[in-house]
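J.: Read off the chains here:
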Amino acid sequence: MTVGFVMLAHTALDRAAQVARHWARNGSPVVIHLDRKVSDQAAARFRLGLQDEDRIVFCERRHCEWGSWSLVEAAQAASELMLERFPDIGHVMLVSGSCLPIRPAQDLCDFLENRPGTDFIESATTQDVPWTVDGLNMERFTLRFPFSWRRQRGLFDRWVSVQRRLGLRRRLPGGLVPHLGSQWWCLSRRTLSGILNDPRRKEYDQFFRKAWIPDESYFQSLARKHSRRIESRSLTLSKFDFQGRPHIFYDDHLSVLEASDCFVARKIWPRAHGLYSAFLTRPNFARGVDEFRPLQVTRKFTAARHRRTLGRTGLYMQSRFPHTHWENGITARDYSIFSGFADLFPGFHEWLERSAGVRAHGRLYAPDGAQFSGGAQMVDGALSASPTLRDHDPRAFLTNLVWSARNTRQTFDFTPADSQAIAPIVAADPGAQISVITGAWAIPLFLGGGGPSDIRHLAADLQRKEAAFVNTLREPWAKARIRIWSLADFVEAPIEHLQEVVDEMAAPHARRLREVPQMRDLDGFGSFLQGLRDTGMHPYLTGDFANTYQQTQFSELACRTVVDKF
Amino acid sequence: MDVIQSYRLRLQRKRWRARAFRKRRELAPRTVRTGLIKPSDILCFVTLRDELVRLPYFLKYYRSMGVDHFLIVDNDSTDGSDQYLAQQPDVSLWHTTSSYRGARFGVDWLNWLQSRYGHNHWTLVVDPDEFLVFPYCETRDLRALTDWLDSASIKSFSAMLLDTYPREAVGARRYRPGQNPLEIAGWFDPGNYTISRNPLYGNLWIQGGPRARRFFADKPDQAPALNKIPLVKWHRRYTYVSSTHMLLPRGLNLVYDEWGGEKASGVLLHPKFLDSFDRKAAEELSRSEHYADGREYKAYVADGTENRSLWCRFSEHYSGWRQLDDLGLLSTGNWA
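So the protein lines, in turn, are chains A and B.
If you use my numbering, the first sequence corresponds to residues 1 to 566, in order.
If you use my numbering, the second sequence corresponds to residues 1 to 336, in order.
Watch out, some of these pointers could steer you wrong.
Said to hold, decoys possible - Think about it this way: if two alpha-carbon atoms lie no more than 30 Å apart in a straight line, the pair counts; the simulated DSS-like pairs of lysine-lysine are: (1) B:K14 <-> B:K233; (2) A:K225 <-> A:K239; (3) A:K225 <-> A:K210; (4) A:K37 <-> B:K233; (5) B:K155 <-> A:K300; (6) B:K298 <-> B:K219; (7) B:K38 <-> B:K155; (8) B:K38 <-> A:K267; (9) B:K38 <-> B:K60; (10) A:K267 <-> B:K233; (11) B:K38 <-> A:K37; (12) A:K239 <-> B:K155; (13) A:K239 <-> B:K233; (14) A:K202 <-> A:K37; (15) A:K479 <-> A:K465; (16) A:K225 <-> A:K202; (17) A:K37 <-> B:K155; (18) B:K155 <-> A:K267; (19) A:K267 <-> A:K37; (20) A:K300 <-> A:K239; (21) B:K233 <-> A:K300; (22) B:K60 <-> B:K155; (23) A:K210 <-> A:K239; (24) A:K465 <-> B:K219.
Stated by the list, open to error - From the structure, some residues in chain B lie toward chain A, with a derived Cβ separation under 8 Å: (25) A152; (26) D218; (27) F314.
Stated by the list, open to error - If you want the footprint, here are the derived chain A segments under chain B, 3+ residues with CB under 8 Å: (28) 303-310; (29) 320-332; (30) 385-392; (31) 400-410.
Treat the hints as calculated values from the structure; they're not laboratory data.
All values derive from a computational prediction rather than experimental measurement.
Backbone N, C-alpha and C define an ideal beta-carbon position, used for all residues, glycine too.
Pulled out of the complex, with its shape left as it was, chain A reads as follows (with noise of 0.2 Å):
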């Protein structure tokens, strides 16, 4: 018992030339459908090429389109010319011009005669698939389309509403249950021929000449009806992009099918010689390997449609430049910002790069340039420190910052001070941990020693732009993790805030501090800003400090440097 192919071609004649004659030599009779659109002096030369095998016939032409039931008229005729015409064969395999077999075809009857009586088919009823297109499932088969999809695209969708609209339904044959799946099949001579020769023939092919896409349910369905085993799987490795057509192989990928172990490939690029020398000298010797797993070649395609379609998350560039809130996230990674902390700790940035094992800089968007960690004038990315150049742009700053700096978690600064139209967008950012002492602002003003009828309209001013901060994190569409303190609330038990802070930057292992920033000495800051308040200026955000406030407490912190209780 041996297979016969099937080969319905309509391009690439060389290609399925090369690999008809390889089948014929290898044993297995080959019936060519061509496609009548081929010129009729190609396809007498392609005849002609071929017509020292005799294992290879032809069957008449016809013309055929994608999706249309010409193409089942087709695999019919050819069909029945295979089964009339070779006896000898058991299984009868649907192929294309643009297949190429990988595996010996000795391989391919043995593994049919281990499985004798079975049909590969790959069929699955349409409630149960996701396979539509144009939200169209069951109703490939009780609409009717007069219109190609293809060319005739509009008319083809507004011609589906009407009859929608208009409730018009085809009945479906009696007993009949649609099944759909991969056009490219392999049956045994008794399914096919019961296919073939079934009484109510007529009345399945008026039915699905009609039908849409009837080469992917036609023989998907009948198989249902005459077949005693079916594998509903296809013997042909064929994969499909986003928009549903087959992806192509390149010399490129001939370690990846060699590991698929699949019997036979499509599509392949019809200038892939590489693939085509290596696949057809291959001696036809069984390899002793039964089933295929196309593993690897699964992992690529799946690893490009999620690259079409969801892309790299935090990534702007020439071909991915999504809407707002289509990004997929914002950016790159998890980052954090610190507002409020380096004032309030004078080696702030030091410690967290050791603590947390972060980059910390400090304010990126101050408004002199951006202050890189280690005073650096230039960053991952080559991206500059230059005012300008940040402020052409502050959200890619941002999001370049944060991609090509990918492989360690960055920290900045911010302030009221700094440049504020990044507010926003870190603000919606699912990536981003902003933490917040409101009020440290006042401690430079209070360390720089001016009087507070100097300071109360910068003051009152930092006090604006930070309280217009607080109400963009307060927002209900803002997604950053987001911790507010007042400097009263945070000075009260610092180190436990702290280490809430690093213990989410530094989740999966988490760690005890073994050590706490100094923290800046206070004294008298209550009395400087009771001197603010009696100018006039309140500075509410700090929260509420004692005009005493208690020093002991303070200076006790700020000698205390190790904390670890364990």
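Put chain B on the given structure of chain A with help from the hints.
T.: Coordinates of chain B only, in the frame set by chain A:
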């Protein structure tokens, strides 16, 4: 986008086509071998001036990539570029003494040649110092790409300009004819590009890279545009609007995905900063034939002669398309 605006763009497209038609008179055929062009050929359109030193490698690069025919406008070269090109069997050459600027930096000339010879062909429009790389280009040629684009019904392919520069001072090493310019200028900026959408034409406007950070740090708005759409399945109704940055009809400019995914794209490596750059900069300044009065060259000359290296610690050395894919400068999209 309303009907009126659509109609305006349609009129604009027709105007550019009429202009190209008028400007055809400025082109004098030198050696025209367009009879050799077969229906499925991939065509490369170039306009150039005094690029003799770059031409051997340029032609070799694109021949091996699968370009079948070159259609070149020589803007009055004096260095023998025209004689060299006239001897090449796959080059059709036109000569002009007219103003590059007057032809909108060569766009009118090439629009004309493309509408005349490019209809139904895949056409690549590049400068002699631009080298296309695209996903899998070390194993698949341009034909594989265009066949795939055809099968996916994609008509235009984006390849942003990526400026490359030497590690040492610009011009410190001499570029020899036939040499791969990336051997000298192989470094690039990996991740400092900014993008905005052009609401009228729908294309992206990309800026950044070494020229922006070095010459335009105080006026980034004026930094050169890096977005390019050099590879198009041409139809005689199409026109480039401004260099190869954007086209009409504007559907051709939608080379990017707007819903989070990535379309396939390539990169035009741009080893502009060779030893010839100094001479070119000086010459172009006096000719004032370049875009926006050559402000790029002015900025370059104003930058002074000392410390002329564009290299920095975060520069990357080009090692292939996969590196550009990892960095997010190009994308495989759903081509696998």
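J.: Starting from the hint list further up, note which numbers the structure goes against and sort them upward.
T.: none
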